[in-house]
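Protein chains: 2
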Amino acid sequence: MNRRELLYSGLAAGGLAASGGAAWSEAGPDADGLSPVQSAVTYMPVPAQKQVVANAEALGSKPYAGFFNPELTVSTRTAREIQAGPLAAEETTAPSIEGLASLLTMDHATLRNGYGLLENGTSYVQSRHLMPGVTTEMFRWWFTWHPVESERYMLWFPHAHIENSVEDPDRLADTSLSYEERLYDNPNHVKELIGPEMSDFIIHFKDPAELGFDPAAMRAAGFTASASGLISPTAAYGVITSLMVHIARDTAQGMELISRYWIGAHPELKRFKGAAMAGIALKLAGFDEEAAENAAHELAVHDMIEFEHLARLLPGLYARFADG
Amino acid sequence: MNRRELLYSGLAAGGLAASGGAAWSEAGPDADGLSPVQSAVTYMPVPAQKQVVANAEALGSKPYAGFFNPELTVSTRTAREIQAGPLAAEETTAPSIEGLASLLTMDHATLRNGYGLLENGTSYVQSRHLMPGVTTEMFRWWFTWHPVESERYMLWFPHAHIENSVEDPDRLADTSLSYEERLYDNPNHVKELIGPEMSDFIIHFKDPAELGFDPAAMRAAGFTASASGLISPTAAYGVITSLMVHIARDTAQGMELISRYWIGAHPELKRFKGAAMAGIALKLAGFDEEAAENAAHELAVHDMIEFEHLARLLPGLYARFADG
Ligand SMILES: [Zn+2]
Ligand SMILES: [Zn+2]
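One line per chain: the protein sequences are A and B, in this order. First residue of the first sequence? That's 891 in the working numbering, and the numbers climb one at a time after it. First residue of the second sequence? That's 891 in the working numbering, and the numbers climb one at a time after it.
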């Protein structure tokens, strides 16, 4: 158990007391286990505080406006996991074929949600979200429903989501096609605040087999939905700067979502066409190691907020709008 | 009631529903008033995540190490007030003689904790903290006890506080003198993270009469303790860039602390020797309007965390260490 685990495990009292201090419980009520299980989000960057006002205005007349809820909450445990400092190398997953394969079999419940730096200053984020009441069916529906209007995307993260569209909206809306036929290789333009920074990028959602997953192994592990892909800056469409993995399966406790983000010039990303330029493109944008670590942290916080919020919204939204 | 108030008052449902939306309660459990009263701090900047590990190490062998608790919580209400965007001009207080006088008589319970920009791009923060179980006697004791060792200062904000000392420690420690004689005009060197930024400055604690308060009016309003003063960057000792007000009184619900921070070239600060250079000094440091607004926001978050945390620590610390 390292120092960071001591700090945040509630065992710090013992550790500190053993080295001469008094009992932790002197420190106040939350040291006695009275910390809330669920916490309101206690920090929102200034640009996001302003964006939510504009977004509330935009939502005004939509039939789903009642689902626009800026009173965000997250699980205390996840929030504290992300605050426990960058992940150590052995806690992380590489974006290699083997790394992707390991996602299908590892015990995600024992890993903390977090962020860190990998090879070549690559920004890294990992998360697991267990979503009671949510199914992979709802998850697939969400990815074909929300890019139809930017306002739907705003529901997902009211302070941070700004624009969302796909290159071929007719294909996205064609219910005679499968989820995969509608979403994959239908470039998705996204504009959102990640922390205080505006991000403008294209997600190329892909068949997970194209990213390096083994379809038979995915099926065997129960992963029946994927919203994974390669990401380009909108300003440099042909350059792949990031691999994003969202794979989901139904469990007795609800939908389990496993996510990974790798942003940068990781050697294992070079197998994707366009990724060789990532290092130069990010360096030109001033993305040094400190910036990469901060960006990974902000993305971890963003992922926590948006997926915990989506988990709360999705059953109600699906019940109300999925037939349309 | 403006749009921001609508957003965060729980009345947004009505507002949005009236413009065609469904009821807010569709949006999930926290819309039904299930938000926690107290929330874990859900965001900590990367440098502060690293600092807390070093601070925990430093505290190891101190007799008060049991009071070092990094599991910070804040009131959900205050956290959401600060997220509701910059304060409007009419919600703020000027650093004038009249402004200071108004602090003694205004109804602080009706004001939100928050931040904003005033004249000449001045960063502004206002807060009120009601501290059950805390007294002004404890508050005065804290300001003479903690600057003796940096590790005591770390208790106050385990992730962000780094160094604290006064120019004349013997005078600070001399219990034959009054609180005011020990602290005032005994320059206090402080190093701390405010948001992700390292701040290194000198607080010149002053008799509030020197800052423009009327002592008789303070007494009449029950304000019996002050830790207010003028602030210089350590690198520019003679330049006053900020006025900070912390005035406190005992109430039936506990100690009430009223705070204000003005950082910048506000015309009303020019009455203080050294303040005429503030505008130039801050401009040289790259402190434009966007930076000033962000700094005010970070300081508001910092103030919330440290004073809510101090309120939890102080009764126990005082009971254990005040006789020494
Ligand atoms: Zn997002
Ligand atoms: Zn502080």
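Derived by calculation from the structure, the hints in this document are not laboratory data. Here the structure is a predicted model, which is why all the values come from computation and not from measurement. Just to be clear, a hint being listed does not mean it is correct.
Heads up, simulated SDA-like pairs for lysine to any residue below, C-alpha to C-alpha not over 25 Å straight-line [stated by the list, open to error]:
#, chain 1, residue 1, chain 2, residue 2
1, B, K940, A, A979
2, A, K940, B, A984
3, A, K1173, B, P937
4, B, K1160, B, R1061
(request) Sort out which numbered hints this structure fails and list those numbers smallest first. (result) Hint check: 4 fails alone, others pass.
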